[in-house]
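Enquirer: Using the sequences and the hints, build the whole thing.
The sequence shown begins at 9 in our numbering and counts up by one.
Keep in mind the hints are simulated off the structure, nothing from the lab.
Note that the Cβ used here is the ideal one computed from N, Cα and C, for glycine as well.
Keep in mind that the hints are not guaranteed to be accurate.
[Unchecked claim] Cβ-Cβ distance ranges computed for the label pairs, FRET-style:
| # | residue 1 | residue 2 | range |
| --- | --- | --- | --- |
| 1 | Asn343 | Leu113 | 45 to 51 Å |
| 2 | Glu162 | Gly187 | 57 to 63 Å |
| 3 | Ser74 | Asn161 | 16 to 22 Å |
| 4 | Asn107 | Asp362 | 36 to 42 Å |
| 5 | Ile36 | Ile129 | 39 to 45 Å |
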Amino acid sequence: MNLLKSLTFIISLILLSNKSYSQTTMNIYLNDSSVVHIPIDLIDSITFSNTNDLPIATVITNPIDSLTFIGGIFSGNVISHVGEIPNIYKGMCIDTVPNPMIGNLNSYVLDGGIGTGAFSISMYENDLFYPNRTYYMKAFVRNITGTFCLYGNEYSFTTPATSGLTQSTPGNGVIDIDGNIYTSIILGNSQEWLAENLKVKRFTNGDSITFIEDGGEWMLTSQTGIPLWYYSNSDSLTNQQNGKLYNWYAVNDSRNLCPSGWKIPNNQDWDLLIDYLGGQSMASSKLKLVGNEHWLLYNQDATNEIGFNAYPSGLMPFSQTSNFGDSAFWWSSSNFSSENAWMYQIRDLGSQVDIDPYYKWTGNSVRCIKE
Numbered sequence: 009m010n011l012l013k014s015l016t017f018i019i020s021l022i023l024l025s026n027k028s029y030s031q032t033t034m035n036i037y038l039n040d041s042s043v044v045h046i047p048i049d050l051i052d053s054i055t056f057s058n059t060n061d062l063p064i065a066t067v068i069t070n071p072i073d074s075l076t077f078i079g080g081i082f083s084g085n086v087i088s089h090v091g092e093i094p095n096i097y098k099g100m101c102i103d104t105v106p107n108p109m110i111g112n113l114n115s116y117v118l119d120g121g122i123g124t125g126a127f128s129i130s131m132y133e134n135d136l137f138y139p140n141r142t143y144y145m146k147a148f149v150r151n152i153t154g155t156f157c158l159y160g161n162e163y164s165f166t167t168p169a170t171s172g173l174t175q176s177t178p179g180n181g182v183i184d185i186d187g188n189i190y191t192s193i194i195l196g197n198s199q200e201w202l203a204e205n206l207k208v209k210r211f212t213n214g215d216s217i218t219f220i221e222d223g224g225e226w227m228l229t230s231q232t233g234i235p236l237w238y239y240s241n242s243d244s245l246t247n248q249q250n251g252k253l254y255n256w257y258a259v260n261d262s263r264n265l266c267p268s269g270w271k272i273p274n275n276q277d278w279d280l281l282i283d284y285l286g287g288q289s290m291a292s293s294k295l296k297l298v299g300n301e302h303w304l305l306y307n308q309d310a311t312n313e314i315g316f317n318a319y320p321s322g323l324m325p326f327s328q329t330s331n332f333g334d335s336a337f338w339w340s341s342s343n344f345s346s347e348n349a350w351m352y353q354i355r356d357l358g359s360q361v362d363i364d365p366y367y368k369w370t371g372n373s374v375r376c377i378k379e
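Expert: In structure tokens, the structure reads:
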């Protein structure tokens with residue numbers, strides 16, 4: 009019978025009308041322990057149906073609400089046709105290709121809670137959603153073991169290209185004492201930043217900054233407080249795009265590292281930039297160059313929205329430059345302690361800006377801001 013959608017048994021009229029037949033009712037025992045009694049003389053036929061062919065619930069996917077470039081509000085509804093269903097979970101399955109399903113390679117699941125009924129999930133996460141990208145979603149309901157799963161209708165949505173709040177215009181730029189020409193950007197908050205890392209070898213008064221390429225010698229010399237510089241990735245060919253790496257003693261020197269009329273940004277300057285870009289959790293995507301020509305991996309969230317042109321220039325730590333291709337580090341002029349100063353870092357993966365104190369003797373990139 010399980011192989012048939014329905015099977016009808018006709019109760020013989022002879023059997024039903026037999027006066028000697030002692031059974032007068034049909035007793036149907038339900039799984040909730042109740043019993044249904046039906047007089048036999050009222051029965052004409054009995055039909056058995058395979059309930060596996062009938063949905064136990066209807067799953068509804070709603071269109072996304074409050075959409076931004078890093079997410080929105082996801083909602084749906086699970087309507088049961090068999091009463092309360094124990095031990096089931098509902099939510100939303102999302103993918104960058106049509107027909108998202110739990111277990112697909114790139115699908116991810118938003119938890120909508122336990123049981124049937126409506127659900128709503130507010131999710132704004134820059135490691136899950138990226139600007140100007142199309143996503144597909146389906147509400148679902150499944151049991152705890154995952155052996156049973158129903159999906160709702162499919163919707164697609166495309167995130168906006170940007171937050172729509174940030175902008176920049178070209179500035180006048182500047183030329184340093186070594187003749188390097190820099191472009192600059194003016195933000196909507198009135199800050200003017202260099203759109204490139206600093207490349208200078210001399211202070212503004214003409215004094216040379218010490219160049220050291222050996223990592224061990226760099227560490228020992230830098231710990232004495234002598235201003236130093238070195239090439240990003242230990243390669244002079246990267247100088248034009250990545251700029252140079254400087255220890256904090258060069259940053260803090262009264263002879264001035266930045267061109268006249270410009271300065272090393274302090275924490276307040278950096279924080280104003282980050283706030284203008286939407287906050288610490290999302291700012292780096294608007295700073296980083298797009299694609300993987302320079303950022304070697306990941307970097308899907310990058311928009312370079314304001315033209316900051318952040319290269320992954322790495323840093324000079326112990327024996328050689330490191331993190332080239334996956335991270336950018338910039339000094340703040342703000343001091344932290346006798347050994348550490350504040351540093352701002354962005355990575356290839358995610359949109360977070362990390363703000364940490366770091367050893368003054370290490371070599372980081374430098375950006376200048378207009379005074």
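Enquirer: Taking 16 to 22 Å as the stated bounds, is the beta-carbon spacing between serine 74 and asparagine 161 within them?
Expert: holds, 20 Å
Enquirer: Can you tell me whether the CB distance of glutamate 162 to glycine 187 sits inside 57 to 63 Å?
Expert: holds, 59 Å
Enquirer: Do the beta carbons of isoleucine 36 and isoleucine 129 sit within 39 to 45 Å of each other?
Expert: holds, 41 Å
Enquirer: Does the Cβ distance between asparagine 107 and aspartate 362 fall inside 36 to 42 Å?
Expert: 37 Å Cβ-Cβ, so the 36 to 42 Å window holds.
Enquirer: Against the range 45 to 51 Å, how does the distance between the Cβ atoms of asparagine 343 and leucine 113 compare: consistent or not?
Expert: holds, 48 Å
Every hint from the earlier list agrees with this structure, and none is contradicted.
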